[in-house]
Amino acid sequence: MTSWLVELGQSTAALLMAPALVGLIRWLKARLQNRCGAPIWQPYFELHKLFAKEAVVSTNASWLFRAAPYVVFTSTVAITLVVPLMLVPLPFDGFADLLVVVYLLLLGTFFTALAGLDPGSPFGGMGSSRGMTVAALAEPTVAVAIFALASGAGSTNLGHIASRLIASPMAALTPGHLLAFASLFIVMLAEAGRLPIDNPATHLELTMIHEAMVLEYSGRYLALVEWASAVKLLIFFCLLANLFVPWGIATTVSAPALVLAAAALVIKLGMLCVAVAVLETRVAKLRLFRVPELLSVSFVLALLAVTSSFVLR
Amino acid sequence: MPLFLLLGAPLLAAVIALMRSRYARLTGQVSVWLSLVPIGAAGYLWREVNRGAPVSAAGDLVRADALSVVLISCVSIVAALAAWLGPGWWGREDLRDYQIRRFVIFSNLFTLTMLAAVVSNNVGLMWVAIEATTIVSAVLIPLRLGKSSVEASWKYLLIGSVGIALAFIGTVLAYFDFVQRAGATTQALNWTVLVTAAPHLHPDVMRLAFVFLLVGYGTKAGLAPMHTWLPDAHSEAPAPLSAMMSGVLLAVALYAIMRWKTVVDLALGTPFTNRLLIGLGLFSLVIAAFSLVTQRNYKRMLAYSSIEHTGLTCLGLAFGPLGVFAALLHLVNHSLVKSTMFLLSGRLHERYGTTNLAAVTGLLRTMPWTGALFAAGMLAVIGLPPFGLFISEFALLRAGFATGHRLLAVVMLALLVLVFVSLLTHLNRMLYGAGVEGLRRGEDHAGALVPLALCLAVIVALGLVIPAPFWRLLTMGAAVVTR
Amino acid sequence: MMAGGLFSQLSVLGSSLALVFGLFVLWRRSLGAYVSAFAWQSGVVAGVAAMVAHFSGDHALYLVAALVFGIKAIAIPRLLTVMGRRFGGDRESHPYVNTEASVLSAAVLVLVAYSVTRPVVALSQLPTRGAIPLAMGLTFVSLFVVISRKKALTQIIGFLMLENSIALLAVLCTYGIPLIVEIGVFLDALMGFLVMQVFVYRIHETFESLDVEQLRHLKH
Amino acid sequence: MNAGGAEIWLRILLVAFPIGAVAALVVRGALGRAIVAAAAAVGSAAGFALAAMVLGWGEPVRGSFAFPLAPLVFRLDPLGAFFLVVTAIVGFAASLYSFGYGAGSPWRVLRTTGVNLNLLLLGLSLQVMADSPLTFLLVWELMSLAAYFLVLAEPDEPGAVNAATWYFGVTHAGFAALFAMFFLWSGGALTASFVELRAVPLDGALRDAVFLLALVGFGTKAGIIPLHIWLPRAHPVAPSHASALMSGVVLKMGVYGLVRVTFDLLGSGPAWWGMLVLALGTVSALLGVLYALMQHDLKRLLAYHSIENIGIIFMGLGAALLFRTYDLPLLSALALAAALYHTLNHACFKALLFLGAGAVVRATHTRNIEELGGLIRRMPRTAFAFLIGSAAISTLPPLNGFASEWLLFQSLLGGARIPAQSVAVLMPVGVGLLALSSGLAAACFVKAFGITFLAIPRSPHAEAAEEAPRSMQAGMFLLVAACVGLGLGPAFVVPLLGRLIARLPGLEPAIGLHAANGALTGLPDGLGQMSPPAVALGLVAVAVVVAVVLRALAPPFRLRRGATWGCGRLLQTPRMQYTATSFAEPLRRVFAQLYRPTEDLTVEVHPDSEYFVRAIRYESRVHPWVERLLYQPLLAMVRGAGRRVRQMQAGSVHLYLAYMCAALVVLLFVARWLP
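Respectively, the protein sequence lines represent chains Y, C, R and B.
For the first sequence, this note's numbering assigns the number 1 to the initial residue and increments by one for each residue that follows.
For the second sequence, this note's numbering assigns the number 1001 to the initial residue and increments by one for each residue that follows.
For the third sequence, this note's numbering assigns the number 2001 to the initial residue and increments by one for each residue that follows.
For the fourth sequence, this note's numbering assigns the number 3001 to the initial residue and increments by one for each residue that follows.
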């Protein structure tokens, strides 16, 4: 029973924590660029402002345009119910596995892209075209990375994977594991729309992908979309953190363990934020047609991960 | 008695036409009615033979066993069809009376000779009759005198006569062998006598004889590479005649080959004849299949498909008892469908005034019923269910596999696919499309289509069920060949 | 025995004569020569038939001899000469195979005939067996004529020679086939010739020539 | 017939379809359409009932009719019954749809369509019951014939005749392959039933030959690359409910045949069988979707997606064969179950999409999506149905496409258990490409749905569009329900499949394919678990919570309609919108190596200086190179051979006589040394 509470609690926490993640990355980037930067809480202010504003919807747009933000937000939030944050195994583990997570994310992208096409603006079309391209090209990497994890842990359920690793912590350092981590990291950059694939900060017409898709959104719709993307980022971070280095995650429902787990989670997320921030300050955005090369690299990494796990078995 | 009715009716019709130089139409109608007599006779003979006893007359000179009856039925039915759609019944504006008269005379003589060939027990007389078919039909080909029809008939006459002469050499050699064994008798050339003596005949001479016979009768049957006259003659002849030639003349020639195959097999076992038949049959199949790929003339297309089916039948004869049965079934189906197709092509020619494939478009619009029947017939020719040819080709190939000719059967299947595709392409090109400018639409004297539709209905019926008596007849016929 | 020896020698002589008349066609050009060669050949065949009738005592063969002589040696040559007078103009000037090659290939064909008829000769006990290959040779030679000569009339003559050779073969192998068949064969031969003659006229009136070479519009 | 209950349904089925066919010939007008549709619907329903009984009670239904050569033998076992269900569902929807669809089309078209629709349904239903080679081949050919005439229903459509010819030609080639297969196998015997074939001992080479012939024969019917050439031609030109049947069900007969032969009758084989099928499947899946991306013709696009999904199904079959070779029966059963499940699912959503496309084409008289747009407002119900179909084919949870692909993923993940490492490493590649094709499918359907239904109409056709009549909507929404139901109910379907797979020789452990309390498990011994109902429930719950929370906490919602912003553009015209071509452009560039597009760029410059460009013309075409490399040379070869053979008939009578004599001499000498 308490585990159910923990489950709901942690996903609520995730939901509330997500904007801070974005804020943290922005702040770190600013510091790295010798700007003082906006406070970490800035995204919350933005969300609050957007919720208060009235939404302007194109006369061309249909019901789908207005439904899409809810679909995206809902699917993303639903995922947080099965992602291991602080506690494994979760009671919901049996209901959805890693594949479900991936395809729920695809569901979000699918509707975002449709919404991008709906108002009939060329930028929206451009955005959805590019967005779907990137999403499609990211799929195989994800799948193979899952293959690597699953063949290691004997299951595609996140809880099992994590608890297997906890059982034998050193398995986290096998080459297959590390390669899979690298590939999934690249995919994270692509899916969450970070540099060098996409620049969340830009509104330069010809370079934007995700921003172009949601260009026509305003008010509450925009708020939901932004929030959802923040949650998406968090989900990827959690996956990277807790599937590959699940150290410190609680296996029993006890206050000290949970506190420890929370602390561990915060530390890991912080490290990932730093990594992303550093990366984003170091690298420039890739040309769109260089992106497939990067993704193919990640695909190869994932394949290597699997094969090495075969060889080593 | 039925045998004499069989031979008498066409003779009578010819004689009447010969006597009455005027009222050509009338004589034509008379010959139509008379053409029903042989069908009746065939039915009677069928009943007799199914009782188990061959019918013979004139001192065993004419004799009808199961095999003959199969051919008799085909010949008489196709002859009736041809007479019905011939120039006699539906007056043709474009034909003069003397032409109609000539047609009536010689088409009946043609029927007579073919019937005589299949009922004569004496292989010498059989040869005489088959030689005569060449002559009478060659006269009829240039009914409308034209460069190409004269050319076609000259080629047909020359090649046919030379070929059949070779068959006579074969006959003489066989007779010589027989005489060496049993001394000269007038009965010697009687098939029944030959068969009884066959096991003692001298193998080497029989080999020689069979080669001559195969080349000779194969020429008439349109086996490659002696087939060359066939596309010309069949495409240039008036439709009813080409129907008879393609429908039954080939069958009659094959009948002669079957008769001799029996004798030779008794003398030196089946493998020899089978190998020769497979060789020629496969070669015919190949030639026909590839000639059909880029064919530009729909009557020649039908002619080549006849060559293809002759080849198939030939291969069937080499596939043991199963194969012979299938071959006979295929022979019957092919006679019906191919004669129908040629008669329909005659209607096409009347309307479009050309035999050029490219010039015929929108057939279904121009002549709905003719077009529909043509399409159905063509689907039957390429061996689709529910038509009879599906069953017979199925049985043929199956016999091929059963007798261990695996590779051969696979090759046959491939060639049949090739034929299927080419014929289907040509057919679709004819059926659909806008149609020709300024061409009259609708059917004229659609009544003529009734018997053709009936014919196709029979083929469909044969594709769904083979009646017991027919089955029995075919089995007995096959037994005659593979005794 | 003497008679047998004479019989066989005569038969060989007769058939070789027939063969020679066949070869005759290969190196002459004019129609008249062809006709006379054919007439002589038919005469020889009739003679051989009569001789066989005499030696074997099979009197039906006298009738056959008479038929051959009457129809092939007299009637048909008449008709041919009539046509010859009409179309005599065009000679067999350019055959497919020139004379030398023709004669050589004829020789080869005779050899082929020898090898082909080996089993027959081996089986036969008749005194006429030595002549059988010659008759077969004549068959091949006349086939060669039909193939290699361009004029319709020449082809007809080749065909008639083919029939002669077959008649000869029948007589030599088996002392004649049953009479009824024989008669039927003759009827066919006659009808065939008549029809061919009709076609010669037609060809001439549609193509203004007897050159069969022109008859090649029907292709593929 | 045994089994009283089922017999009645079989009788109804055997009577209803012919009635429909005859009615189509004789009755005109709305009444005629009604009778035809009703007959087809009743027949399909009867088929469904029959199949349900057989599936439920596992006992096969038998029957036989007299026929030339050998009696026709019919026997419906659970495997066949499963495919009969596929036929029945799509057939029922299509027949409902056909009533409204036929309104307004000319009598000739109606007649052909009505007759052949019923005959096709009859053929499909009998195909899965055929129990002897003769029966199987006969029904096979009749089925092809009906489909052929459906393709030819509107012969004046450009390309229709050509497509029909291609279709029938290739199909007949496949028929020949099957013929050879069966009789090589039985040694020419007319086996009385398939079971006898199982007993026939085959040596290695012959078994391989049989397998390859089966693969070719059934592959042509299923339309796997490179035997697919007829499919994108034939499916678009047929009337849409016919296309739905052909894409949804007729292709599946190839799958059925392959399962029947390789799993039921032929028995386990070497590893390369499975690898070959897996490879073919993967190639078909990837190339299929890639070519689909390049299409502007809505129905052609769907046709290419059929190739993709058939490829996915074949991947399942191939994996199953591999696992069976390596004696992993449970995994093999799982892969087979995935393939069969995807067969059913693809039938549902592909039929749905074709029906939707048909509604669009009927309303706008064009199949070119570049001329469409904004239909979601004019035909909202059709749009919704099409959206569901698109989501399903894009494997989005919780719809049916996802359920079956999840199973397939699970079975492929199990590939790690294959002992031979060289084979095992192929599995992740397969997984990756499967994921890629599903991702590309999603992209493709964003394009298809977005360009067709969203934004502003791009042509007057699209502006004038009207919603489809009720009967057509009924057909579509039936399939929508099927898509959702099958998406939520794998826990019900998979044990069923497990039971029928367990009847196949060597796959008895399949009975272990259970589904614990609504959750779908990859395997009894782990390897992942998920529960579509739970996922759906979770989504709904979250949505409710979100809605409640927003209502409670967020400030009141205000909405204003305005012109599209588009970074501050003032005027918006349809021509400014993204087109399907431009949508697919990035992927076309990424996969240029695979497409090998033909491009030509002509720049017209000012005479004075090439820096002043007057006009730029750029043209690029994507032509499937499989055709260029395989079929064009083949055709050229055959034509050349034909021409060479025709040289024989040169016209000279002397030549002809020479042939004869040559034949004579040759045969004379052959006869010498022939035994």
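Hints should not be assumed to be uniformly reliable.
Said to hold, decoys possible - Stretch by stretch, here's where chain B covers chain C in the computed footprint (C-beta under 8 Å, at least three residues):
{"no.": "1", "segment": "1058-1064"}
{"no.": "2", "segment": "1221-1232"}
{"no.": "3", "segment": "1242-1249"}
Claimed, not checked - In silico BS3-like cross-links for lysine-lysine, where the CA-CA straight-line distance does not exceed 30 Å:
{"no.": "4", "chain 1": "Y", "residue 1": "53", "chain 2": "Y", "residue 2": "29"}
{"no.": "5", "chain 1": "Y", "residue 1": "285", "chain 2": "Y", "residue 2": "29"}
{"no.": "6", "chain 1": "C", "residue 1": "1147", "chain 2": "R", "residue 2": "2150"}
{"no.": "7", "chain 1": "R", "residue 1": "2150", "chain 2": "R", "residue 2": "2219"}
{"no.": "8", "chain 1": "C", "residue 1": "1147", "chain 2": "R", "residue 2": "2219"}
{"no.": "9", "chain 1": "Y", "residue 1": "49", "chain 2": "Y", "residue 2": "29"}
Claimed, not checked - Quick list of the computed label-pair ranges, beta carbon to beta carbon:
{"no.": "10", "chain 1": "C", "residue 1": "1443", "chain 2": "B", "residue 2": "3481", "range": "27 to 33 Å"}
{"no.": "11", "chain 1": "R", "residue 1": "2020", "chain 2": "B", "residue 2": "3655", "range": "45 to 51 Å"}
{"no.": "12", "chain 1": "B", "residue 1": "3481", "chain 2": "Y", "residue 2": "263", "range": "31 to 37 Å"}
{"no.": "13", "chain 1": "C", "residue 1": "1270", "chain 2": "B", "residue 2": "3655", "range": "47 to 53 Å"}
{"no.": "14", "chain 1": "Y", "residue 1": "263", "chain 2": "B", "residue 2": "3272", "range": "52 to 58 Å"}
{"no.": "15", "chain 1": "Y", "residue 1": "178", "chain 2": "B", "residue 2": "3537", "range": "53 to 59 Å"}
{"no.": "16", "chain 1": "B", "residue 1": "3366", "chain 2": "Y", "residue 2": "293", "range": "48 to 54 Å"}
{"no.": "17", "chain 1": "B", "residue 1": "3640", "chain 2": "R", "residue 2": "2066", "range": "58 to 64 Å"}
{"no.": "18", "chain 1": "Y", "residue 1": "178", "chain 2": "B", "residue 2": "3420", "range": "23 to 29 Å"}
{"no.": "19", "chain 1": "R", "residue 1": "2029", "chain 2": "C", "residue 2": "1447", "range": "35 to 41 Å"}
What the hints contain is simulated information worked out from the structure, not anything from laboratory work.
The structure presented is a predicted model; accordingly, all values stated were derived computationally and were not measured.
Each residue gets a CB set at the ideal place from its N, CA and C atoms; glycine is no exception.
We went through each hint and held it up to the structure:
no.: 1; hint: 1058-1064; in the structure: violated (count 0)
no.: 2; hint: 1221-1232; in the structure: holds (count 5)
no.: 3; hint: 1242-1249; in the structure: violated (count 0)
no.: 4; hint: Y/53 x Y/29; in the structure: 28 Å, holds
no.: 5; hint: Y/285 x Y/29; in the structure: 15 Å, holds
no.: 6; hint: C/1147 x R/2150; in the structure: 18 Å, holds
no.: 7; hint: R/2150 x R/2219; in the structure: 18 Å, holds
no.: 8; hint: C/1147 x R/2219; in the structure: 14 Å, holds
no.: 9; hint: Y/49 x Y/29; in the structure: 23 Å, holds
no.: 10; hint: C/1443 x B/3481: 27 to 33 Å; in the structure: 50 Å, violated
no.: 11; hint: R/2020 x B/3655: 45 to 51 Å; in the structure: 28 Å, violated
no.: 12; hint: B/3481 x Y/263: 31 to 37 Å; in the structure: 49 Å, violated
no.: 13; hint: C/1270 x B/3655: 47 to 53 Å; in the structure: 34 Å, violated
no.: 14; hint: Y/263 x B/3272: 52 to 58 Å; in the structure: 55 Å, holds
no.: 15; hint: Y/178 x B/3537: 53 to 59 Å; in the structure: 37 Å, violated
no.: 16; hint: B/3366 x Y/293: 48 to 54 Å; in the structure: 38 Å, violated
no.: 17; hint: B/3640 x R/2066: 58 to 64 Å; in the structure: 59 Å, holds
no.: 18; hint: Y/178 x B/3420: 23 to 29 Å; in the structure: 26 Å, holds
no.: 19; hint: R/2029 x C/1447: 35 to 41 Å; in the structure: 59 Å, violated
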